[in-house]
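Enquirer: Construct the complete structure from the given sequences, taking the supplied hints into account.
Chains as they are written, first to last, in UniProt numbering: chain X, 1 to 442; chain G, 1 to 442.
It is worth saying that the hints were derived from the structure and are not from the lab.
Keep in mind that the hints are not guaranteed to be accurate.
Same chains, same label: a pair holds when it works inside one copy or across any pair of copies.
[Stated by the list, open to error] Subject to a maximum C-alpha distance of 20 Å in a straight line, what follows is the list of computed SDA-like cross-link-like pairs (lysine to any residue):
| no. | residue 1 | residue 2 |
| --- | --- | --- |
| 1 | 395 | 149 |
| 2 | 153 | 261 |
| 3 | 166 | 435 |
| 4 | 166 | 199 |
| 5 | 194 | 300 |
| 6 | 153 | 397 |
| 7 | 166 | 204 |
| 8 | 153 | 262 |
| 9 | 166 | 110 |
| 10 | 166 | 382 |
| 11 | 166 | 195 |
| 12 | 395 | 195 |
| 13 | 194 | 332 |
| 14 | 166 | 205 |
Below are the chains, spelled out letter by letter.
2 protein chains.
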Amino acid sequence: MLLDPSHDPALTSWVASAQAVGTDFPIQNLPYGCFRRIRRAGPAEPWRIGVAIGDQVLDLAAAAQAGGWSAEVAALLAPLAAGNLNAVMAQGSAARRVLRSALQAALKTGSAQQPALAPCLIAQADVEFSLPCTVHDYTDFYTGIHHATAVGKLFRPDNPLLPNYKWVPIGYHGRASSLVVSGTPIRRPNGQFKLPGTPEGAAPDFGPCRRLDYELELGAYVGRANALGEPVAIGQAGEHLFGLGLLNDWSARDLQAWEYQPLGPFLSKNFGSVLSPWIVTMEALEPFRVPFTRPEGDPQPLPYLDSAENRAGGALDIQLQVRIQTAQMRAAGEPAVALMQSNYRDAYWTLAQLLAHHTVNGCNLNPGDLLGSGTQSGPQPGQGGSLLELTSGGKQPITLPNGETRTFLQDGDTVELHAWCEREGAARIGFGPCSGVILPAP
Amino acid sequence: MLLDPSHDPALTSWVASAQAVGTDFPIQNLPYGCFRRIRRAGPAEPWRIGVAIGDQVLDLAAAAQAGGWSAEVAALLAPLAAGNLNAVMAQGSAARRVLRSALQAALKTGSAQQPALAPCLIAQADVEFSLPCTVHDYTDFYTGIHHATAVGKLFRPDNPLLPNYKWVPIGYHGRASSLVVSGTPIRRPNGQFKLPGTPEGAAPDFGPCRRLDYELELGAYVGRANALGEPVAIGQAGEHLFGLGLLNDWSARDLQAWEYQPLGPFLSKNFGSVLSPWIVTMEALEPFRVPFTRPEGDPQPLPYLDSAENRAGGALDIQLQVRIQTAQMRAAGEPAVALMQSNYRDAYWTLAQLLAHHTVNGCNLNPGDLLGSGTQSGPQPGQGGSLLELTSGGKQPITLPNGETRTFLQDGDTVELHAWCEREGAARIGFGPCSGVILPAP
Numbered sequence: 001m002l003l004d005p006s007h008d009p010a011l012t013s014w015v016a017s018a019q020a021v022g023t024d025f026p027i028q029n030l031p032y033g034c035f036r037r038i039r040r041a042g043p044a045e046p047w048r049i050g051v052a053i054g055d056q057v058l059d060l061a062a063a064a065q066a067g068g069w070s071a072e073v074a075a076l077l078a079p080l081a082a083g084n085l086n087a088v089m090a091q092g093s094a095a096r097r098v099l100r101s102a103l104q105a106a107l108k109t110g111s112a113q114q115p116a117l118a119p120c121l122i123a124q125a126d127v128e129f130s131l132p133c134t135v136h137d138y139t140d141f142y143t144g145i146h147h148a149t150a151v152g153k154l155f156r157p158d159n160p161l162l163p164n165y166k167w168v169p170i171g172y173h174g175r176a177s178s179l180v181v182s183g184t185p186i187r188r189p190n191g192q193f194k195l196p197g198t199p200e201g202a203a204p205d206f207g208p209c210r211r212l213d214y215e216l217e218l219g220a221y222v223g224r225a226n227a228l229g230e231p232v233a234i235g236q237a238g239e240h241l242f243g244l245g246l247l248n249d250w251s252a253r254d255l256q257a258w259e260y261q262p263l264g265p266f267l268s269k270n271f272g273s274v275l276s277p278w279i280v281t282m283e284a285l286e287p288f289r290v291p292f293t294r295p296e297g298d299p300q301p302l303p304y305l306d307s308a309e310n311r312a313g314g315a316l317d318i319q320l321q322v323r324i325q326t327a328q329m330r331a332a333g334e335p336a337v338a339l340m341q342s343n344y345r346d347a348y349w350t351l352a353q354l355l356a357h358h359t360v361n362g363c364n365l366n367p368g369d370l371l372g373s374g375t376q377s378g379p380q381p382g383q384g385g386s387l388l389e390l391t392s393g394g395k396q397p398i399t400l401p402n403g404e405t406r407t408f409l410q411d412g413d414t415v416e417l418h419a420w421c422e423r424e425g426a427a428r429i430g431f432g433p434c435s436g437v438i439l440p441a442p
Numbered sequence: 001m002l003l004d005p006s007h008d009p010a011l012t013s014w015v016a017s018a019q020a021v022g023t024d025f026p027i028q029n030l031p032y033g034c035f036r037r038i039r040r041a042g043p044a045e046p047w048r049i050g051v052a053i054g055d056q057v058l059d060l061a062a063a064a065q066a067g068g069w070s071a072e073v074a075a076l077l078a079p080l081a082a083g084n085l086n087a088v089m090a091q092g093s094a095a096r097r098v099l100r101s102a103l104q105a106a107l108k109t110g111s112a113q114q115p116a117l118a119p120c121l122i123a124q125a126d127v128e129f130s131l132p133c134t135v136h137d138y139t140d141f142y143t144g145i146h147h148a149t150a151v152g153k154l155f156r157p158d159n160p161l162l163p164n165y166k167w168v169p170i171g172y173h174g175r176a177s178s179l180v181v182s183g184t185p186i187r188r189p190n191g192q193f194k195l196p197g198t199p200e201g202a203a204p205d206f207g208p209c210r211r212l213d214y215e216l217e218l219g220a221y222v223g224r225a226n227a228l229g230e231p232v233a234i235g236q237a238g239e240h241l242f243g244l245g246l247l248n249d250w251s252a253r254d255l256q257a258w259e260y261q262p263l264g265p266f267l268s269k270n271f272g273s274v275l276s277p278w279i280v281t282m283e284a285l286e287p288f289r290v291p292f293t294r295p296e297g298d299p300q301p302l303p304y305l306d307s308a309e310n311r312a313g314g315a316l317d318i319q320l321q322v323r324i325q326t327a328q329m330r331a332a333g334e335p336a337v338a339l340m341q342s343n344y345r346d347a348y349w350t351l352a353q354l355l356a357h358h359t360v361n362g363c364n365l366n367p368g369d370l371l372g373s374g375t376q377s378g379p380q381p382g383q384g385g386s387l388l389e390l391t392s393g394g395k396q397p398i399t400l401p402n403g404e405t406r407t408f409l410q411d412g413d414t415v416e417l418h419a420w421c422e423r424e425g426a427a428r429i430g431f432g433p434c435s436g437v438i439l440p441a442p
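Expert: Written out as structure tokens, the structure is:
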């Protein structure tokens, strides 16, 4: 753990809400997002990068204009002011630390920059977001071993976890074009599926998905690029990882069951995947690094997936939660209710391992590329990170506090993902919500 | 078939080589590529779009400057002069036809533009290419039923073709970042594999791929975009398809066999895929449309994958060929030799069906997105579109004319894909080569 003064839990900000109990965005966090003010009339504002602080956004376009920065920091702020986070992501960890340090100094209690920067704050309630960066390629991994086991049982009762699972960080390519930011509604997809009891040779059915599901994931964003043909060793992975957000990988289970053999999921996944607006940097997460261990009796990772640093602190202690608000709850003014909670430290592979594996064959990753963690379920039955797990494949409906039941999602259901880090002696680091509502099929 | 005067086989060009016997690039073709002159010294030239004609490239940056175009054509040439083909792809078929018609008029024998455009020609031998457009997302389909059956037999002898194959155009997401242009060498990838005879529970091996293969594919480029949530009906697919190139989907068979369950191929495919530099437009291919039919007894496509237009002319009669030149052949000055030949009309699904299927769930496609056809093998044993098929999974080596044998590719092997259309009463339309050499593992 590379803890530095930026993690001091005693640090405070002149932005009062950064000290609010339970805030996701204290001065120790400082995640990046791409935003503009919501306009009721007139032309839309340009997108630019901001940093979350309490319930405010520090507008980095305005902050760059306000001046008072070193030449090095001003050069880093220039692309951010133009809405281009990828340019900073491309520069590796030293640039990130310089920027973090400068922004923290500017926002801390007693900063001489307060008078110049106070007018650069905008309430988060007054802004809308785009994706935080351009994602050229999106890879989805499968690191939730409890999810892989539970889902494997439904598809292959005798053989839930395939022989490669404990050796290969299983992953596949996702669709980048249909990544959308939190708050974007998603239409229920149409597609082919086989209803239960349809004979094997008979025609499939076609229509709106009947088994629509969410998946609770974290998404890691790539920082510095590697060239095609040049693997990144696990010890260098930190240079190439920028930060983390939440990812809801909406899934059409009936389409998936029918289409996925032999090349994997396709239309069951690419009708939309939701990302949270804020990217929490790897630097902000440093205090929550925990040892990476393997259960007794499990194989140790191959050498290219192993390092002392990864063993000592490759895993991350991040609390994860899914909440649902049905149309009926929304009409009644009832807030979303929690469906489950799990922790990212239970993932079977660490981010450094995913990055080393992804590039070991020479595959090139670019700044802003997204690595999904796969669904993060906990070890207990109520900790499934998808409805497929929580309802045992749709066989055991769950009952919500208002008496409604669900096997899979209904039109009008809103799903929210949340994540936060908490421990003694460290400031709470939150991710902000990742949410989306289901619209009827076209 | 929408044949128009642009397909008249009697048309000739003032560029003499466009009339050479066997040329890929007569005046009826006019494919687009992104190029610059090879510089031995001094700063590199900017990339710009050109059109192939005979053994020359018409430099569209120079041609735009030369003037003599209508305002409409000049507006279309402006992004092309800046190296941006995607902007024209985005506009749909009407813009493509306007441009084709203007370029053909300019290049045809007797054109008044000849004096102004003659200085805009550059010999293809003097240029280098980048990818013809920006490919944001790459989907690889699996439409070669003879390939799917042959490969299925190797993995699942009792059950070669899965029950969904004749209903679902099977596809999966590929990696866009590692798409490279013809001529780019590829390093043999390292990765995990299980050697034959390794017990199921034992550790996998790690090292350079031992079963490196090519795949003979066509790649279709998307034209006009569709918005997320808005499917494209099969009758509208033509508006959204820009053209075709060749695609070699290099494949590491040993990595693939170990990693592909349950989410599909990943590191076995994303270490590099090669595209030919030229995109042959759908307009140039019109004379080679042929009826789409299903074998007796096979199910008819579901309604969203069926149309009268698709039945009448949804398939394309394109000859495909793979050639190999080993390092030993190269040293001896021997040219590449053909390994197999097949025809794209044997594909089980048409391009219009792929586009309708890909978007039926609301997935959004963007201009320049790539749809791989999957490996195009013919029905006969010697028509496998990969070594996996030609050597029965590496069990029966093939012998080359110089006496060398191959099961899979060796370092120094160059693989070339070729494609062309020929029939009575139409000009020959060729694709130019798609080639790549294998370098040793790092």
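Enquirer: Next step is simple, just say for each hint if it's right about the structure.
Expert: Status of each hint after checking the structure:
When the C-alpha separation of residue 395 and residue 149 is checked against a cutoff of 20 Å, the pair qualifies only within one copy, where the shortest distance is 17 Å, while the shortest distance between copies is 35 Å. Proximity of residue 153 and residue 261 under a CA criterion of 20 Å is satisfied in both settings, with 17 Å inside one chain copy and 15 Å between copies. With identical chains, the CA atoms of residue 166 and residue 435 are never at most 20 Å apart, being 32 Å at best within one copy and 37 Å at best between copies. Taking the closest pair of Cα atoms, residue 166 and residue 199 come within 20 Å of each other only across two copies (15 Å); inside a single copy the shortest separation is 35 Å, beyond that limit.
Within a single copy, residue 194 and residue 300 get their C-alpha atoms only as close as 40 Å, which misses the 20 Å cut-off; across copies the closest is 17 Å, which meets it. For a Cα distance limit of 20 Å, the shortest separation of residue 153 from residue 397 inside one copy, 18 Å, qualifies, whereas the shortest one across copies, 40 Å, does not. In the homo-oligomer, the alpha carbons of residue 166 and residue 204 lie at most 20 Å apart only across protomers (11 Å), although the nearest pairing inside one protomer, at 35 Å, exceeds that limit. In this assembly of identical chains, the alpha carbons of residue 153 and residue 262 lie at most 20 Å apart whether taken from the same copy (18 Å) or from different copies (13 Å).
Taking identical chains as interchangeable, the C-alpha atoms of residue 166 and residue 110 are never at most 20 Å apart, the minima being 51 Å within one chain and 69 Å between chains. Proximity of residue 166 to residue 382 under the C-alpha cut-off of 20 Å is found in neither arrangement, the shortest distances being 24 Å within a copy and 39 Å between copies. Taking CA atoms no more than 20 Å apart as the test, residue 166 paired with residue 195 passes between copies only; the shortest distance there is 17 Å, against 33 Å inside one copy. In the homo-oligomer, the alpha carbons of residue 395 and residue 195 lie at most 20 Å apart inside one protomer (14 Å), although the nearest pairing across protomers, at 41 Å, exceeds that limit.
In this assembly of identical chains, residue 194 and residue 332 lie within 20 Å of each other by CA distance neither inside one copy nor across copies; the values are 36 Å within and 57 Å between. For the homomeric pair residue 166 and residue 205, the shortest alpha-carbon distance between copies (14 Å) is at most 20 Å, but the shortest distance inside one copy (36 Å) is not.
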